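Engineer: Residues per chain are reported as follows:
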Amino acid sequence: MAAAAVTVSSAGSLLAMLQETAPELKLHALASLNSLVSTFWPEISSNIMDIESLSEDGEFDQRQLASLLASKVFFYLGDQASALPAALAAGPLFDVSDDSDYTQTLLAKALDDYAAEASEGPEKVNQIDPRLKAIVETMLDKCISDGKYQQAMGMAVECRRLDKLKLAISQCDNIHGALSYCINLSHQYVNHREYRCEILRCLTGISLACENPDFQSICQCFMFLNGPEHVATILNGLLIASEDDALLAYQIAFDLVENENQAFVLDVRNHLDAMRASGSTEPSDQTVIAATEPSGDVQMTDDATMPSPIRVDPNDVAQADRLTKMKGILSGETSIQLTLQFLSDLLILKTIKQSVETRNSVCHSATICANAIMHAGTTVDTFLRENLEWLGRATNWAKFSATAGLGVIHRGHLQQGRALMAPYLPSDGAVGSASPYSEGGALYALGLIHANHGEGIKQFLRESLRNTNNEVVQHGACLGLGLAALGTADEEICEDIKNILYTDSAVAGEAAGIGMGLLMVGTASEKATEMLAYAHDTQHEKIIRGLALGIALTVYGREEEADTLIEQMTRDQDPILRYGGMYALALAYRGTANNKAIHQLLHFAVSDVSDDVRRTAVLSLGFVLYNEPEQTPKIVSLLSESYNPHVRYGAALAVGISCAGTGSSEAISLLEPLMSDVVDFVRQGALIAMAMVMIQTNESYDSRAGTFRRQLEKIILDKHEDTMSKMGAILASGILDAGGRNVTIKLKSKSKHDKLTAVIGLAVFTQFWYWYPLTYFISLAFSPTALIGLNSDLKVPKFEFLSNAKPSLFDYPKPTTQQTTAASVKLPAAILSTYAKSKSRAKKAESKAQEIAESKAQEKAAAPSSEEASAASTSMQVDVTAEKKAPEPEPTFQILSNPARVLPAQEKFIKFLQGSRYEPVSAAASGFVILRDLKPEEPEELVLNDGPSTAAATNASATPAPAAMAVDEEPQPPPAFEYTS
Amino acid sequence: MDPKLTEVNQMFARFKAALARNDLNTCEILLSQLKVQLTKFPSLPPLFQQTPNAVEELKLARDIYEHAVVLSVKLEDQDAFERDFCQLKPYYMDTCGIIPPSPEEYPILGLNLLRLLVQNRIAEFHTELELLPVKALEHPCIKHAVEFEQSFMEGAYNRVLSARQAVPHETYVYFMDLLAKTIRDEIAGCSEKGYDSLSISDAKQMLMFNSDQELHQYITEEHPEWEIKNGFVFFQKAKESQPCKEIPSLQLINQTLSYARELERIV
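Residue numbers (UniProt numbering), protein chains in the order written: chain A, 1 to 981; chain B, 1 to 267.
Calculated directly from the structure, the hints in this document are not laboratory data.
A few of these clues could be false.
[Unchecked claim] A few chain B residues facing chain A, derived, Cβ under 7 Å:
no. : residue
1   : MET93
2   : ASP177
3   : ALA180
[Said to hold, decoys possible] Under the rule of at most 25 Å between Cα atoms (straight-line distance), these lysine to any residue pairs were calculated in the SDA-like manner:
no. : chain 1 : residue 1 : chain 2 : residue 2
4   : A       : LYS166    : A       : ARG131
5   : B       : LYS59     : A       : ALA31
6   : B       : LYS74     : A       : GLY12
7   : B       : LYS40     : A       : GLN64
8   : B       : LYS40     : A       : THR21
9   : B       : LYS181    : B       : VAL167
10  : B       : LYS59     : A       : LYS166
11  : B       : LYS16     : A       : GLU20
12  : B       : LYS74     : A       : THR21
13  : B       : LYS135    : A       : SER9
14  : B       : LYS40     : A       : SER32
15  : B       : LYS193    : B       : VAL167
16  : B       : LYS40     : A       : VAL679
17  : B       : LYS4      : A       : ALA31
18  : B       : LYS40     : A       : SER35
19  : B       : LYS59     : A       : CYS197
20  : B       : LYS40     : A       : ALA31
Quick caveat: nothing in here was measured; it's all calculated off a predicted structure.
Beta carbons: idealized from backbone N, C-alpha and C, even for Gly.
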């Protein structure tokens, strides 16, 4: 029937009815309008005033209905700001469970409003409209009761309702999952640092209270919260419990050390000591050991104070032993030792340095620096040994750099560090024969060796600092002290450095400024204001610059706490202080991708009058964004096309910093055009940035890696290239093969926390623009790409695991020798001659033989049918035959042996084998992994302690030639040598 | 028959009786009761549910609202008229096919058109007109209103006033009276623009007043800015009060041209 389709064509009649005097009619009209509002809202909107006045009419008993109608009309009009209050006024009529667009939109709006108000501070929370609060609470409760826990947790976090967060987590069936979700959430999306701490405190409270606390994540949280006493308690509790728990404790300790927060780790250690001491004072009370350990923990955190110490049985030798091990780990010695062994084990190629070496002396120091970076932490100084005469050409500051470079090479060599540097160090009292430049450099080198683990060397450096009046030595000592005592905020050292600062000597003052900053990293101490005041006083630009950077370092990671200081610096008249302000922004908001900080940096990048400030502002974006490396190329892509070369330079480095070690394709595409920029220093920046991005990337992963290497070579050999870009190319090749190709630049630890030392290192590294010796700071950012399994004795057992990817994808890049041969076909004769020359420099016949073998082996890999393998030396025979047996098509997986080189990109392919003797305590596939021995009764086979030959043999299967080379050449500890000037 | 419907019918009968004997107060009370009763029928707009009594109910409701409109005219209450008419409208526009058209439809629509003319809401007048079918324009009531509007627009005010005698429906008289007032306002507005001053007798004639007193009263009430002096009505003051700005056209033109020239030079 036609009538079925009958509807009203206008709401006019109902609107007219609304004007009637009888309340029944009004009610009827309102009810009808409410059901028709989706169609007739344009008509109704012209009468919205009437409806609103009805909703405010105290006499009218259907005010809520009127409010609801008004709210809907506002919603359709797109005026959410008016719709929400009206909806709130509608009270119970506003149905939260409704599924309509209207309800959903308004609920979202309500949440947003609530979150926005709540974020303004706790006092504001009390002023929030109770009706709004009620709605938000209903929503949260509904989410929880519907089982949408993640939603509820997210909302609760955003609305600052920790009570609801707790409720959601406790209702959740997977508490561990929920907790780790929340921790991620708070790190990724909570911009306010203080509030983030609050959430984490709440979360740790919950997780300690549950059945099987996930101590690993709890400890990470406590590290963020800076609660060393809690971590110490947990570790202590685990240590005195079962063997398995102790393993877990070791793993936690390794993870903590990986974050490189020296001050915190030291605190933990001291607390552990204190606990042990208080335990031994009451030996009689032995029964109260952690039998009921979890419940003990609950109490501890509930009152959030230092708990009554869990008493350790002093007679229990095993526990004492564990504690010693633990302290060893915490002091970083264990991990450094292990890493050192690992790195020196896998040294590669020496030929590259010959091709890198320039025949002219212009880039001399850059080459030394590149060499240092290339061998960072490998203790391989053969290049320097073989070229002593050439090295001797370095004078003055170049000599300073050259000496400091040794520190990079021997980085982490804590025991022998001082002995190694002894020839250059100032002898007590009397002025030695060595020049002040090498003395200063040696002190700086000591700092680099002991960076972040400077307990043992601090005293020596302080004395050296006090005993000298030479500003060059002071310069080195200040840097060295800053590095060694990184972030410890040691008062005495601070005084010493301050005294140097107040001598107002430009050279020493600059280093003193940076040194103070390093000392105070992330403490946001009062000293910053003092430094700022002095920066205003002094006339020396160098000192101001040093101080500006130092101040920036002090606010590391303080986020909004640093805002006042940043404001002060960025508004300063002095461009150098504004420049420091950019660094302060970068470091305070490192890796947070905080919108405000990005906004501010972009503002300065385009509007400041000083080129230095603009360059730094762009560069700083890299620091703020390193958590989201994929974002950076997008954000700086426009800036990279700026007319201002400084901005382009900054854009290149920003990409380099934030995408370091990622091999990101976008980043490479952005940097490629910059490498052929018209301005020399932009090319320099682009080359360095490219090297940082491509570090450890080989040709089968990204074909551009090979092109880049060839380009670097070309630039270095090109006589007509500018010095600036040549230097960039030399540094770039150093970075590309940094640390014997076994390290990458990593700004985040595997637990997604920022690595303090690495970030600081890169920040100071970018200062090389003004002061070349600071280039060495990049070595702080290197972290070994290795998976090292450890048993309960912290020894490296024999253990195998699977990498589910083609071996070639993550293989070492092909050695340079071979590349030169390949390139020689196409390139002009000049290169061939260089090649010949580099060959002739390799004096040892043995190594020459190896080179041939090596290139043969590589060719073999490329074309296994070739018969030339028979010419290989006997030492290579085993490997070559192994190669032959390999199946023709490349396997899609490989078995790696402990310890192994595992690239960050490779981590996701790592699988631990089922049915293996060892089982990892945690699932992380990089760094140090503590292994649980499933068959403790069988004798263990150790890898590293058996001597290098075993290690080489195990490694040989994965990386044939270089490892074999290591066998012959490596193990002897390098004897000291000295070059004369 | 549905008891509710019977009840409303009875009430409506009483209402009609009261209307017939001009007992307007009773009418008003009854009407508001009736309206409340009507909200209980689901067959009425906007729901249009198909109840068995739908046709009866719709007819009844339409009848009630038609009477309500007539009543409002009698009460000389324009707001009530608008209200009731708006409520009546769906019965005319949306119910064709369910109930036959009402004989009162066109007179009432014409009445509404007239009302819009009186209130000088010309735009709405034309909107309403557009909504009507072509054949409706032939109806004397509608035609009357349309002709009216044409004379009104032409300024043939005398024709408008003389048309008062030829109303097609007795309810129209009320609006015709009101129309005179609207027209007077129009004339007053025009004279203000057209003359500097007018003699009182001319003004009286122009504004269709019978006595000087009426004129004086009108001026004091509606146009206090007019001045009566020496037997003349002066409009000057009103004119002066309007701000008269001269547009500095030459200067602007010169400026723009010079900008353009300079711009060309720059590029």
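Engineer: Confirm or reject each hint.
Structural biologist: Going through the hints against the structure:
no.: 1; hint: MET93; verdict: 6 Å, holds
no.: 2; hint: ASP177; verdict: 24 Å, violated
no.: 3; hint: ALA180; verdict: 27 Å, violated
no.: 4; hint: A:LYS166 - A:ARG131; verdict: 22 Å, holds
no.: 5; hint: B:LYS59 - A:ALA31; verdict: 23 Å, holds
no.: 6; hint: B:LYS74 - A:GLY12; verdict: 23 Å, holds
no.: 7; hint: B:LYS40 - A:GLN64; verdict: 22 Å, holds
no.: 8; hint: B:LYS40 - A:THR21; verdict: 17 Å, holds
no.: 9; hint: B:LYS181 - B:VAL167; verdict: 17 Å, holds
no.: 10; hint: B:LYS59 - A:LYS166; verdict: 64 Å, violated
no.: 11; hint: B:LYS16 - A:GLU20; verdict: 21 Å, holds
no.: 12; hint: B:LYS74 - A:THR21; verdict: 19 Å, holds
no.: 13; hint: B:LYS135 - A:SER9; verdict: 21 Å, holds
no.: 14; hint: B:LYS40 - A:SER32; verdict: 12 Å, holds
no.: 15; hint: B:LYS193 - B:VAL167; verdict: 33 Å, violated
no.: 16; hint: B:LYS40 - A:VAL679; verdict: 85 Å, violated
no.: 17; hint: B:LYS4 - A:ALA31; verdict: 22 Å, holds
no.: 18; hint: B:LYS40 - A:SER35; verdict: 16 Å, holds
no.: 19; hint: B:LYS59 - A:CYS197; verdict: 72 Å, violated
no.: 20; hint: B:LYS40 - A:ALA31; verdict: 13 Å, holds
Hints 2, 3, 10, 15, 16, 19 from the earlier list are contradicted by this structure; the remaining hints agree with it.
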